[in-house]
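Participant: Protein chains in written order, with this note's numbering: chain A, 86 to 395; chain B, 86 to 395.
Please keep in mind that the hints were generated in silico from the structure rather than gathered at the bench.
One should not assume that every hint holds.
Same chains, same names: a pair is fine if it fits in one copy or spans any two.
What the hints assert, rightly or not - Pairs of lysine-lysine, BS3-like flavour, derived with a Cα cap of 27 Å:
| # | residue 1 | residue 2 |
| --- | --- | --- |
| 1 | Lys110 | Lys272 |
| 2 | Lys131 | Lys383 |
| 3 | Lys302 | Lys110 |
| 4 | Lys276 | Lys110 |
| 5 | Lys272 | Lys361 |
| 6 | Lys110 | Lys379 |
| 7 | Lys206 | Lys179 |
| 8 | Lys179 | Lys361 |
| 9 | Lys179 | Lys100 |
| 10 | Lys312 | Lys302 |
| 11 | Lys110 | Lys206 |
| 12 | Lys382 | Lys276 |
| 13 | Lys265 | Lys312 |
| 14 | Lys144 | Lys376 |
| 15 | Lys131 | Lys144 |
| 16 | Lys110 | Lys100 |
| 17 | Lys379 | Lys272 |
| 18 | Lys302 | Lys170 |
| 19 | Lys265 | Lys110 |
| 20 | Lys144 | Lys379 |
| 21 | Lys265 | Lys352 |
| 22 | Lys170 | Lys100 |
| 23 | Lys382 | Lys109 |
| 24 | Lys379 | Lys179 |
| 25 | Lys144 | Lys206 |
| 26 | Lys361 | Lys170 |
| 27 | Lys361 | Lys302 |
There are 2 protein chains.
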Amino acid sequence: MPELPFTLDQLRILKAIAEQGSFKKAANLLFITQPAVSLQIQNLEKQLNITIFDRGGRKALLTEAGQILLEYCQRILNQCDEACKAVEDLNSLKGGTLIIGASQTTGTYLMPRMIGLFRQKYPDVSVQLQVHSTRRTGWSVANGQIDLGIIGGQLPPELENLLHITPYATDELALVLPSKHRLSKEKELVKEDLYTLSFVTLDSQSTTRKVVDELLKNSGLDIQRLKIEMELNSLEAIKNAVQSGLGAAFLPVVSIERELASGTIHKPSITDLGVKRELKLITNPSRYTSKASKAFKKDILPQFSSFKNK
Amino acid sequence: MPELPFTLDQLRILKAIAEQGSFKKAANLLFITQPAVSLQIQNLEKQLNITIFDRGGRKALLTEAGQILLEYCQRILNQCDEACKAVEDLNSLKGGTLIIGASQTTGTYLMPRMIGLFRQKYPDVSVQLQVHSTRRTGWSVANGQIDLGIIGGQLPPELENLLHITPYATDELALVLPSKHRLSKEKELVKEDLYTLSFVTLDSQSTTRKVVDELLKNSGLDIQRLKIEMELNSLEAIKNAVQSGLGAAFLPVVSIERELASGTIHKPSITDLGVKRELKLITNPSRYTSKASKAFKKDILPQFSSFKNK
DNA sequence: ATAAATTATAAATAATTGTTAATTAGAAAT
DNA sequence: ATTTCTAATTAACAATTATTTATAATTTAT
Numbered sequence: 086m087p088e089l090p091f092t093l094d095q096l097r098i099l100k101a102i103a104e105q106g107s108f109k110k111a112a113n114l115l116f117i118t119q120p121a122v123s124l125q126i127q128n129l130e131k132q133l134n135i136t137i138f139d140r141g142g143r144k145a146l147l148t149e150a151g152q153i154l155l156e157y158c159q160r161i162l163n164q165c166d167e168a169c170k171a172v173e174d175l176n177s178l179k180g181g182t183l184i185i186g187a188s189q190t191t192g193t194y195l196m197p198r199m200i201g202l203f204r205q206k207y208p209d210v211s212v213q214l215q216v217h218s219t220r221r222t223g224w225s226v227a228n229g230q231i232d233l234g235i236i237g238g239q240l241p242p243e244l245e246n247l248l249h250i251t252p253y254a255t256d257e258l259a260l261v262l263p264s265k266h267r268l269s270k271e272k273e274l275v276k277e278d279l280y281t282l283s284f285v286t287l288d289s290q291s292t293t294r295k296v297v298d299e300l301l302k303n304s305g306l307d308i309q310r311l312k313i314e315m316e317l318n319s320l321e322a323i324k325n326a327v328q329s330g331l332g333a334a335f336l337p338v339v340s341i342e343r344e345l346a347s348g349t350i351h352k353p354s355i356t357d358l359g360v361k362r363e364l365k366l367i368t369n370p371s372r373y374t375s376k377a378s379k380a381f382k383k384d385i386l387p388q389f390s391s392f393k394n395k
Numbered sequence: 086m087p088e089l090p091f092t093l094d095q096l097r098i099l100k101a102i103a104e105q106g107s108f109k110k111a112a113n114l115l116f117i118t119q120p121a122v123s124l125q126i127q128n129l130e131k132q133l134n135i136t137i138f139d140r141g142g143r144k145a146l147l148t149e150a151g152q153i154l155l156e157y158c159q160r161i162l163n164q165c166d167e168a169c170k171a172v173e174d175l176n177s178l179k180g181g182t183l184i185i186g187a188s189q190t191t192g193t194y195l196m197p198r199m200i201g202l203f204r205q206k207y208p209d210v211s212v213q214l215q216v217h218s219t220r221r222t223g224w225s226v227a228n229g230q231i232d233l234g235i236i237g238g239q240l241p242p243e244l245e246n247l248l249h250i251t252p253y254a255t256d257e258l259a260l261v262l263p264s265k266h267r268l269s270k271e272k273e274l275v276k277e278d279l280y281t282l283s284f285v286t287l288d289s290q291s292t293t294r295k296v297v298d299e300l301l302k303n304s305g306l307d308i309q310r311l312k313i314e315m316e317l318n319s320l321e322a323i324k325n326a327v328q329s330g331l332g333a334a335f336l337p338v339v340s341i342e343r344e345l346a347s348g349t350i351h352k353p354s355i356t357d358l359g360v361k362r363e364l365k366l367i368t369n370p371s372r373y374t375s376k377a378s379k380a381f382k383k384d385i386l387p388q389f390s391s392f393k394n395k
C-alpha cells in the first residue's frame, strides 16, 4: 500500500508532546512508555524527513517544521473527534434520518401520530415521510430508498418473499353514515341493509378502493349490488360528503377517529360483516437496518399495535 | 494507549471503496489484496459499531452512517495531504521563514543585499530581519529566537563558546572626507593627519561607536586627541554631514559603497592605519538548523565573502 | 443452471508497535 | 568539578495487527 507518511497515533503523540513539553509527560498522558513515544517521533521525523523537536533543553521545543506540522495535526485530530461524535450520535439516535414510506391512508391518518411519537422520543433524528402507492412503497423498501414502509394494502407477490412483513394492527373498514341518516338510530345493522344505501367511494383506480372492494367481496357482499352515488379522489372528500348527508361510505377507522369522537359521523356495527385489513410494517432484511429504523419498529410500532404481544 | 477508533489507512480504504464502488477495485487502486480491504472495513465497522457498506449488490453502497463518515474521511485525508505538502515545501525551501538577526550596520547596509539575493534564489521562503545590538542578536541566536545572526561587533564572551561563529568577510573602517576638503587631494594620509580633522561620530552609547573606538585605539590612535565636531545617531546622518562638509568620519566601507562610486565622498588611505573588523555569521550548533538557514550560509554568504575559499 | 465476478473466511506469514532493560546525555546540586 | 537525578535513546524481545494465499459463499448475467 502506498504508505501515508504518518499515522494518527503519531500525530496524537506529537500533539501530546507539544502540549506537555516533554516526551515523558506525553507518554504518561497517553498511558504508554516513554521509549514508545521516542520511537514514534523518530519514525515520524524519518518519514517526513524533518526535525520536529529540539530536544535536550529543559523542554522539548518545536522546530519551525514541527510547528507547521502541529497546526495540521490539531485540525486533523479535531476532525477525527468530530467524526467519532457524529458516529456516536448516530448510534445513540442523536442524529441521522429515518425515511418512512407509507400509502395514502396510513400516510395521512396514521403516520402523523407515529412520527410525532418518534420525534418526541428521538428529537435529534429527522424523519422523512414519502407517501406513495403501496406497490411503489414496497419497491422503495426493496431497493433501499426508504428505511421502512407502513402499508395497508397487499404487496405485489414478487416482493412478499423479498421483504420482511410485520403485521402490527388491523384496521377495520367501517361503514359510516351521516348522523341524521335514518339507519343511524340503529346500533346493529345486517348485511342486507347495505343494499338500501347510496355510497360515496374512492375512484375505482385507487389501491385503497381495490382493497376495500376486495375485502367486501371476501366478506360475502355483492359489491355490484351496492349503489355508488359518487366517486371522489380522497378520503377527506368522502368524509365531508358523508357528513353532508350525501351518502354512506366504507372508511378505515383510523381515518375517522376524530369524527367518531365528535359524533359528526355515525358508525353502526354490522353483525354479519367484519371487514378488516392488516396494517403492516415492511422492511428489507437483506439491507442494512439503521438504528433509527430499529427504534421505530421497537418503540413506536407497539403503541399502535392492536395485538397483545409486545 | 487509549485507542482511536480508526486509522488513516482505514479511512483511505473507505474512500477508495466509495470512489470505486467495489472492494476489489479499491484493493487494486491501493495495491493491496481484496481480503485486506474486507478485513479493514470489518474492523472499522466493528470499532465504530456501525455498518458502513451495504454489500452484496452490484456495487458496494454506503449506508447513511457510511456517508457521514465518508465526509469526515475526505476532510481528514485532505488535511493530511496538505500537511504533507507543507512539509515537502519546507524541505525543498518552498515555504517556511528564515529569521535573521543583524546589528545596526550590517542590518542597514549588508542585509538588504543579502536578503535580496536569498529571496531571488528561494522566492517562497519568507525572510524576517531583526535589527538589534550585537549583544542581543547573539542571545537571540542562543535561545533560538532567530535562526542566524550577521554581526560586526564582538560577542559577549559567554556566548563565544556557545555559538558557532563563521567569519566571512572583513569590513574596513574607512576615513571619509568631504569631496572638497583640503586633504581630499591627497591619496595617502598618515595617522598624524587625523588629529587635524574635525569628526562627526555616532553617539557614544552605540555598539558600533564602541567598536570603532576600540579598533582605532588598537591601531595606536589616541582617540582622546581626535576632535569631535558632533555626534549623530545614525550612519546615514553622518554620511550626510560629511557630504555637506561638516567634518570627517570613520565609516564602514559597506555603508558607503554607493557614495564612493558616485564620488560624493572621498576615502583616502592612511598608510600607517588599517582599521578592520570581522563580519561574522553566528549560529547555534546545539539547535535545529532549518533548511533555509543552511541554504543561507551555503549559498548566500560566500557571495559576500572577502576570502578566497568557497 | 451455469459461469463469471465479488466479497467473506481461515490459516500462515510478515510487519509493526509496545515493552523492558540497559545506556547515554543533560541539568541541577553538592 | 563531581555527583546525582531525570529524561531520552538504543536494543532486544514479545505481542499484537495486518497482509497474503487459498478457499468458500453469494450474487449477477448469460
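Participant: If a hint holds in the structure, say so; if it doesn't, say that too.
Facilitator: Evaluated hints:
no.	hint	in the structure
1	Lys110 with Lys272	neither (84 Å within a copy, 70 Å between copies)
2	Lys131 with Lys383	between (54 Å within a copy, 23 Å between copies)
3	Lys302 with Lys110	neither (81 Å within a copy, 55 Å between copies)
4	Lys276 with Lys110	neither (87 Å within a copy, 65 Å between copies)
5	Lys272 with Lys361	within (19 Å within a copy, 125 Å between copies)
6	Lys110 with Lys379	neither (45 Å within a copy, 32 Å between copies)
7	Lys206 with Lys179	within (10 Å within a copy, 55 Å between copies)
8	Lys179 with Lys361	neither (38 Å within a copy, 77 Å between copies)
9	Lys179 with Lys100	between (30 Å within a copy, 25 Å between copies)
10	Lys312 with Lys302	within (15 Å within a copy, 131 Å between copies)
11	Lys110 with Lys206	neither (44 Å within a copy, 42 Å between copies)
12	Lys382 with Lys276	neither (37 Å within a copy, 106 Å between copies)
13	Lys265 with Lys312	within (19 Å within a copy, 130 Å between copies)
14	Lys144 with Lys376	between (48 Å within a copy, 23 Å between copies)
15	Lys131 with Lys144	within (21 Å within a copy, 40 Å between copies)
16	Lys110 with Lys100	within (12 Å within a copy, 35 Å between copies)
17	Lys379 with Lys272	neither (42 Å within a copy, 102 Å between copies)
18	Lys302 with Lys170	neither (55 Å within a copy, 74 Å between copies)
19	Lys265 with Lys110	neither (86 Å within a copy, 71 Å between copies)
20	Lys144 with Lys379	between (53 Å within a copy, 24 Å between copies)
21	Lys265 with Lys352	within (12 Å within a copy, 126 Å between copies)
22	Lys170 with Lys100	both (20 Å within a copy, 19 Å between copies)
23	Lys382 with Lys109	neither (52 Å within a copy, 35 Å between copies)
24	Lys379 with Lys179	within (14 Å within a copy, 54 Å between copies)
25	Lys144 with Lys206	neither (52 Å within a copy, 35 Å between copies)
26	Lys361 with Lys170	neither (46 Å within a copy, 68 Å between copies)
27	Lys361 with Lys302	within (12 Å within a copy, 119 Å between copies)
The structure fails hints 1, 3, 4, 6, 8, 11, 12, 17, 18, 19, 23, 25, 26 (numbered hints given earlier, in ascending order).
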